[in-house]
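Visitor: Protein chains in written order, with this note's numbering: chain D, 1 to 117; chain S, 118 to 229.
Source of the hints: derived by calculation from the structure; they are not laboratory data. It is possible that some hints are incorrect.
Said to hold, decoys possible - Quick partial rundown of chain S residues pointing at chain D, CB under 10 Å, derived from the structure:
id	residue
1	V121
2	Q123
3	H124
4	P125
5	V137
6	G158
7	K159
8	R160
9	R168
10	A187
11	F206
12	Y215
13	N218
Remember, predicted model here, so these are calculated numbers, not experimental data. C-beta: ideal position from N, C-alpha, C; glycine also.
So the chains spell out like this:
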Amino acid sequence: GAVVSQHPSWVICKSGTSVKIECRSLDFQATTMFWYRQFPKQSLMLMATSNEGSKATYEQGVEKDKFLINHASLTLSTLTVTSAHPEDSSFYICSARNTDGWNQPQHFGDGTRLSIL
Amino acid sequence: GENVEQHPSTLSVQEGDSAVIKCTYSDSASNYFPWYKQELGKRPQLIIDIRSNVGEKKDQRIAVTLNKTAKHFSLHITETQPEDSAVYFCAASKGSGYALNFGKGTSLLVTP
């Protein structure tokens, strides 16, 4: 149980393109999901907290108009990188926690490797 | 906000030896401390976690200790095997439902 699916796993696109990444909790409901970014050989940095039915909460320094987050259902959150540029190339990973139960840990998706040419 | 420091950044041990990774945190409100293992290009996988109401937790070859007074926690891997080679991240948060603040990671290499 507690599987988080992320799609796509790899994206290569031209500068200026918008890219949508999906994060799904397959066998549980998640009112909150988290989006992290990881540059090569670095740690995971929280970008935003995605809340079902309400606006996402962004970390300082993360542009909310560039990284659009939608959490329209209890099992799906999407991150759209708008007008992507080479500096947005990174590994984007989501995590989710089964809120049905106390002290459930967070589980991560497989990540999306985004390469902007 | 929370600041998590992790040491060492790299660790090389021989197969069968023990490995210890240490982390400190700054926010006294943090009470949940998971450890993740990440292989190259893959997702972080939870290997063990500990909450502030206990000082130690063990799962086979892996153990975690927590000292809330000193605000530090450690991962102990005994009888290391080559397949333990990966990057290990510690994290801290106010609970498992909150965002995780990660350390910078430790690259562990276990040589046969």
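Visitor: Quick check: which numbered hints come out false for this structure?
Guide: Structure breaks hints 3, 4, 5, 10.
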